[in-house]
Structures are given as C-alpha cells and as structure tokens.
Amino acid sequence: MKKETGKEYTIALVAVGLGLLAGALLMLVTGNNPILGFIYLFSGGLMNIERIGNTLATATPLIFTGLSVAFAFKTGLFNIGAAGQMLIGGLCATALGLTLAWPKPLLLTVIIIASALGGALWGLVPGLLKAKFNVHEVVCTIMMNWIAYWSVYYIVPAYFKGAYLETESRRIPEAASLKVKWLTGLFNGSYINLGFFLAIIAVVVIAYILERTTLGYELKAVGFNRHAAEYAGIHANRNIILSMMIAGACAGLGGAAFYVGYASNMQIGVLPSQGFDGVAVALLGSNSPWGVFLAAIFFGVLHSGKGFMNAMSHVPPEIADSIIATIIYFSATSMLIEKYWGRIQKQLAGKGKTDLPLAGEEEFKEKVGGAS
Amino acid sequence: MWWSLVEQIFPYAIAYTVPLLITALGGLYSERSGVVNIGLEGLMIVGFFTSAFVISRLESMLPGTAIWLGLLLAMIAGALFSLLHAFACVTLNANQVISGTAINMLAGALTVYLARHMTGSGNILIMNGLIRRNIPVLSQIPIIGRLFFTQTYATTWVVLAILLVSWFLLYKTPFGLRLRACGEHPQAADAAGINVYRMRYIAVLISGACAGLGGAVILVTYSGEFNGSVAGLGFLALAALIFGQWKPLGILGATFFFGLASTIANVSQAIPALAKIPGILLKNFPYIVTLLVLVFFSKSTQAPRAAGEPYDKGKR
Numbered sequence: 003m004k005k006e007t008g009k010e011y012t013i014a015l016v017a018v019g020l021g022l023l024a025g026a027l028l029m030l031v032t033g034n035n036p037i038l039g040f041i042y043l044f045s046g047g048l049m050n051i052e053r054i055g056n057t058l059a060t061a062t063p064l065i066f067t068g069l070s071v072a073f074a075f076k077t078g079l080f081n082i083g084a085a086g087q088m089l090i091g092g093l094c095a096t097a098l099g100l101t102l103a104w105p106k107p108l109l110l111t112v113i114i115i116a117s118a119l120g121g122a123l124w125g126l127v128p129g130l131l132k133a134k135f136n137v138h139e140v141v142c143t144i145m146m147n148w149i150a151y152w153s154v155y156y157i158v159p160a161y162f163k164g165a166y167l168e169t170e171s172r173r174i175p176e177a178a179s180l181k182v183k184w185l186t187g188l189f190n191g192s193y194i195n196l197g198f199f200l201a202i203i204a205v206v207v208i209a210y211i212l213e214r215t216t217l218g219y220e221l222k223a224v225g226f227n228r229h230a231a232e233y234a235g236i237h238a239n240r241n242i243i244l245s246m247m248i249a250g251a252c253a254g255l256g257g258a259a260f261y262v263g264y265a266s267n268m269q270i271g272v273l274p275s276q277g278f279d280g281v282a283v284a285l286l287g288s289n290s291p292w293g294v295f296l297a298a299i300f301f302g303v304l305h306s307g308k309g310f311m312n313a314m315s316h317v318p319p320e321i322a323d324s325i326i327a328t329i330i331y332f333s334a335t336s337m338l339i340e341k342y343w344g345r346i347q348k349q350l351a352g353k354g355k356t357d358l359p360l361a362g363e364e365e366f367k368e369k370v371g372g373a374s
Numbered sequence: 538m539w540w541s542l543v544e545q546i547f548p549y550a551i552a553y554t555v556p557l558l559i560t561a562l563g564g565l566y567s568e569r570s571g572v573v574n575i576g577l578e579g580l581m582i583v584g585f586f587t588s589a590f591v592i593s594r595l596e597s598m599l600p601g602t603a604i605w606l607g608l609l610l611a612m613i614a615g616a617l618f619s620l621l622h623a624f625a626c627v628t629l630n631a632n633q634v635i636s637g638t639a640i641n642m643l644a645g646a647l648t649v650y651l652a653r654h655m656t657g658s659g660n661i662l663i664m665n666g667l668i669r670r671n672i673p674v675l676s677q678i679p680i681i682g683r684l685f686f687t688q689t690y691a692t693t694w695v696v697l698a699i700l701l702v703s704w705f706l707l708y709k710t711p712f713g714l715r716l717r718a719c720g721e722h723p724q725a726a727d728a729a730g731i732n733v734y735r736m737r738y739i740a741v742l743i744s745g746a747c748a749g750l751g752g753a754v755i756l757v758t759y760s761g762e763f764n765g766s767v768a769g770l771g772f773l774a775l776a777a778l779i780f781g782q783w784k785p786l787g788i789l790g791a792t793f794f795f796g797l798a799s800t801i802a803n804v805s806q807a808i809p810a811l812a813k814i815p816g817i818l819l820k821n822f823p824y825i826v827t828l829l830v831l832v833f834f835s836k837s838t839q840a841p842r843a844a845g846e847p848y849d850k851g852k853r
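Protein sequence lines, in the order shown, are assigned to chains A and B. Here the first sequence is numbered in this note's numbering, starting from 3 and rising by one per residue. Here the second sequence is numbered in this note's numbering, starting from 538 and rising by one per residue.
Source of the hints: derived by calculation from the structure; they are not laboratory data. The beta carbon of each residue, even a glycine, is placed where N, CA and C say it ideally should be. A hint or two may mislead.
Taking lysine-lysine and the DSBU-like style, the derived pairs with C-alpha atoms no more than 35 Å apart in a straight line are [to be verified]:
#1 K181(A) with K163(A)
#2 K134(A) with K850(B)
#3 K181(A) with K784(B)
#4 K163(A) with K813(B)
#5 K181(A) with K106(A)
#6 K836(B) with K709(B)
#7 K784(B) with K850(B)
#8 K850(B) with K709(B)
#9 K836(B) with K134(A)
#10 K134(A) with K222(A)
#11 K784(B) with K836(B)
#12 K222(A) with K348(A)
#13 K850(B) with K836(B)
#14 K183(A) with K163(A)
#15 K813(B) with K222(A)
#16 K348(A) with K9(A)
#17 K9(A) with K181(A)
#18 K850(B) with K222(A)
#19 K850(B) with K9(A)
#20 K183(A) with K106(A)
#21 K348(A) with K850(B)
#22 K163(A) with K106(A)
#23 K709(B) with K784(B)
Interface residues of chain B toward chain A, partial, derived using beta-carbon atoms under 8 Å [as the list claims (entries may be wrong)]:
#24 L621
#25 L643
#26 G769
#27 V832
Build out the structure end to end from the sequences listed, making use of the hints.
This is the structure:
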C-alpha cells in the first residue's frame, strides 16, 4: 500500500516537472529567460504576506472544483461540468446577496447553503440521466455547462444589471461578501476570504465521507465495479445520483467562493476556467482530498504569480495555463511515466545490487525532486 | 413580411452553420473509429489562430491566395495538434476525456500566449475576409436561388463538398467500412486484419484537420479577428454530432438547426417580430434538445459501440 502512494507522488512530481519544463521551453521560444521567468512567477505568488493571501484566495475555488471532480471520480464518474455547477452556485450566491438585506452572519449562511444547493441541482441532472437512462455523464455535464453559461448570460443583465456595464452584475454589498475585515487586514489587504476556511472544512468533510462512512464505501464500491457492488446489495443508481449531487455541491460552493469571495460581482460570457482546472487539480492530487488541496495551492501560486511575471518580464500570463494544461496532459498519459519509472527503478536496483526495491525508489524520488 | 425576414436571416444562419458542420464532421470520423474527441473546441482554436497568423502575415503580399493558404495551413496545424490526442488515446491508452480536456486547455493557452507575444493584445486582425458572391445562373432560380445561391461564401461549398466526400468515404468504400468497424468492435476488426491503431490515428488526424478548418472558416467569414476563443462552438459541434446520431446527413440537419437557432437569438433584438422569443430559450435550445435526444434514444442509440474505450488487444 505504501509503495502505491509513493508511485502516485512520483507520477505527480514528474508531471509537474514536465509541465514546468514545457513552460521553460515556451519562454525560450519566445525569447525570454526561463530562470528569470520562473523566479518572477513564483515570487509573484509567494513574495509577501499579501501575495500569499492572494494565492490562497486564487486556490480556493480550485480546491472546490478539484474536490468536485475527484469525488465524482471515486464513483467512476467524470464530472467535467464543474464550471457550470460553479456558475449556478455563483448565480445563486450573487442573486441572494443582491436581494436580501440581512445581517452578515445570517446572510452568508444562507448564501453558502444556496450555492451548494444550486450546484447540487446542476449535478443532479447528469446523475439522474446517468442512473435512469444511462446517458453518458461527460456529454451531459458539457451540455449543462453551456446551459448554465447562457442562463447566466441572460439572467444577470435582466435582473442584476450593473450601473455602467451590461456585461456584469451590480457589486454585492459588504454584508454578502465572504471577505471579512480582520482577514483582509491580516493579509495586508489581499483577496483572501472566508471561502478558504470553507474549503478546508470541505476537504475534511469529503475525506471523512470517503474514508469513514458507509456512504463513502458504497460510492467507491460502485466506482470500482458497478455490477459487483449491485450484487453486494448496493443501490448503484442511488449512489450515482448522490455522488453527482455532492460533486455539484462542491463546485457550487466554489462558485460562491469565487463570485462573492474573490470577486465582488459576476461577469457574463465567461465559463469559469476553474471548472476545467479542477480536472487538472483532481488528477494531480490523484483524487485524494488532501492531494487536491496541495495541487490547488500549487496551481494557485501559478495563477496568482503570472500577473507579476508579466509585468516584470513580458512573458505573457497564459504561461500559467500552458503549464497547467501540460501537467494534465502528462497526468493523463501517466502510463508512459509509469513504464519508464519501472524501467529506471529496475536499473537502479540492479546497479545498487540490493534486493530492497524501496532503496531504488528513494533514490529515484530524490532525482526527480531535483529535476523539478 | 415573414418571407423577407427568412431571406434576411438565411445567409447568416448558413455562415454560422458551416464551421459547426465541418467540426462535427471531424468529430464523426474520430468517434466512428472509437476515439471520443472532446478536444474539438481546442482544435478549432488552433485552426482559428493558425489561419489568422498566416493570413495577417501574407495578405499584403499575396492578396487572394493568402486566405486559401491560411485555410490549408489551419487544417495542417489542426491535424498536427490532434496528434497529441491520438498519441495519448491510441498509443498510450489514456483516458480520452482527460486527454481531450488537456487539448482544449493547451490550445486555448498556447495560442493566446503566442498571439500576445506577437501583437501584445492577444488579438490578431486580418484586413480582408472572404467576399460573398452570387452563383451565376443558379442564383436566378426562384426561391431556392435567393436562399442558397446568393451572397454565399466559397468556403460553404468547400465544406459541403467535404461532407459529400465524407459520406461516400465512410459508407461506400472499404476504408470507411474498416474505420467504422474499429469503432463498433475493434477486436473483430483486428481479427479481420485491420490495423486498429493506424485506423484510429488516421481518424483522429482527419478530425483535427476538419476542426482546424472549422476554426479558420470562422475567421475568414464572419469574425475577421482572432481573439483566443471560439465561444463553445466546438462543444456545440459535439452536441450536433449526438443530435445527428453520428450520421453525416443527420449532422447536416442538426448543425443547420443549431445555426438557425443561434442566428435568431443573435438578431432577435434587431427584428421586432423575433424579439418576443426569449434569447435564453434560443441559446439553450441546442443543449436541451441534445439532452432530450440522448434520453429518447438511450435504448436505441446509434453511438459507435466502442467509442471512448481504449483498444485492448487481449480483451474478448
């Protein structure tokens, strides 16, 4: 068991290394100094307390969407609809924030619950169609993404139009924002907000559900082998629907964290990239809640540092997205890495003339760590 | 009054349909061979970018030919980019949906990265797109002439020709039969002496070329500017592929339906007779219809049976 976890870490590290390498190549091709570029990229995300706060705030929606994708994946479902679920969660949060004039603690509680419910509803449809009609959840969630996109596109200007721009909602009042004074002050006025703590709670809750409850056991059993699970008396259909709803709820909370936490109004005509980044986060975190957490923080650094890097070195900010996309490609093709990893491990074991495979593993991990 | 409205809308609907049609057609090749390609959106962006880059560089030197060169290179770039997908899905047996997602993200980020490096803003403008032309003689036919043969883009006819050739290729030649066999039962195809891996590579490359052309058509017809996004048209093409039940003629009908709905939604504000239909319904219509079609045909779906599954030689 221990060995398997080691393998997952190795794959993740190699994928990250290859992604950074691709980023370096891209910088070289466009005539920039990659070492300097990376220094700016990482210092842009981690240089001072304010930037660290921004990094955590950027990572917050990614934690939620990563959890969403990872949770569905445990039941053998591919939730590529986190973007749409996030939009609907954000729409619910924004709508309530702009309508209700309640005291902050009460309003925030309602907003958080509503955004989770909105996301869960958007996950319920694919879950239901998968369970009842065997409609493939990938196609279904893609359609749900665009239904969410166009719904927001027409609902926001119709009911919550901003004062000057047609393409965004009004600013939400202070009472509806997840930003709180003490936290903003603590991080020197950064974007960090209560959403980050909500995300940590979500990680703990999801980890608890997966590892310690009957529900989690059943969900995973359905994911491993639906037919075997049914034979053992588990209602596969109910579990599929539940799994998609919980995944949707996670992404919906991500919508609240982004639209009433990080941002303070809602733009139309944008499918949030965090939804697709969530796939990368889940993959890199090998679908475990705490792995998702770490992967999201890493992507948060890339995303929040790219602006600073762009300002200092003329490397276009899309470098961060390119690196993330490369990482997800190499995670998808992890077979290749596994194959070479096995080969290298064998060679190292042969050279050291030891029967302990763990020695070779340690050595390789060090090398990979050095390369990335 | 209604008739003049139809005549007004029709050219726009066709212009909007064509990129969808060619991209969905690309998806047809890929899925018929057993490889799900949700990277169509990204491949369209690659074609969109390549054509904008080529045309903006060459149009002052080679007016006229630059556009066609741009279309050609967009197809080649799309095919080359789809190699990444083919390598992951066919050679490495990777999860096709994850690979497709990576293609989408990579294409979006990489093209804007390069465009921003070149122009600063990340947008690439071309000075001249294609010119709409009337087809001689045919445009004189009453009714049909006005709708189909006046004010047409040359690319529309190219794409329709590709549709015709594709139908012939897929349903009337040994190559098409083999390609479809790989998507239905690859083990059986392999037993019959077909190289499943090669077939799937070819199919994915064709889908990349078609999607690349789709992106380029957007540029030279109604857009005129690369802006880093095709606004979900690749996913809409995927929906059309399903709505058309994986058949060339079905795809033609589905894409035209979607093109018309989108056009009506886009112009409804300007035309009072259409303003009554809420835009939210028109824009969501293609996606809701696709979901309904999936539900209705869930028992008798025409989807290639092995689509989405990596080919495992040892499996029975």
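Hints, one by one, checked against the model:
no.	hint	result
1	K181(A) with K163(A)	holds, 22 Å
2	K134(A) with K850(B)	holds, 32 Å
3	K181(A) with K784(B)	violated, 52 Å
4	K163(A) with K813(B)	holds, 20 Å
5	K181(A) with K106(A)	holds, 11 Å
6	K836(B) with K709(B)	holds, 27 Å
7	K784(B) with K850(B)	holds, 28 Å
8	K850(B) with K709(B)	holds, 27 Å
9	K836(B) with K134(A)	holds, 11 Å
10	K134(A) with K222(A)	holds, 20 Å
11	K784(B) with K836(B)	holds, 18 Å
12	K222(A) with K348(A)	holds, 33 Å
13	K850(B) with K836(B)	holds, 28 Å
14	K183(A) with K163(A)	holds, 27 Å
15	K813(B) with K222(A)	violated, 49 Å
16	K348(A) with K9(A)	holds, 14 Å
17	K9(A) with K181(A)	violated, 39 Å
18	K850(B) with K222(A)	holds, 28 Å
19	K850(B) with K9(A)	holds, 26 Å
20	K183(A) with K106(A)	holds, 12 Å
21	K348(A) with K850(B)	holds, 26 Å
22	K163(A) with K106(A)	holds, 23 Å
23	K709(B) with K784(B)	holds, 14 Å
24	L621	holds, 7 Å
25	L643	holds, 4 Å
26	G769	holds, 6 Å
27	V832	holds, 5 Å
In the structure shown, a violation is registered for the earlier hints numbered 3, 15 and 17, in ascending order.
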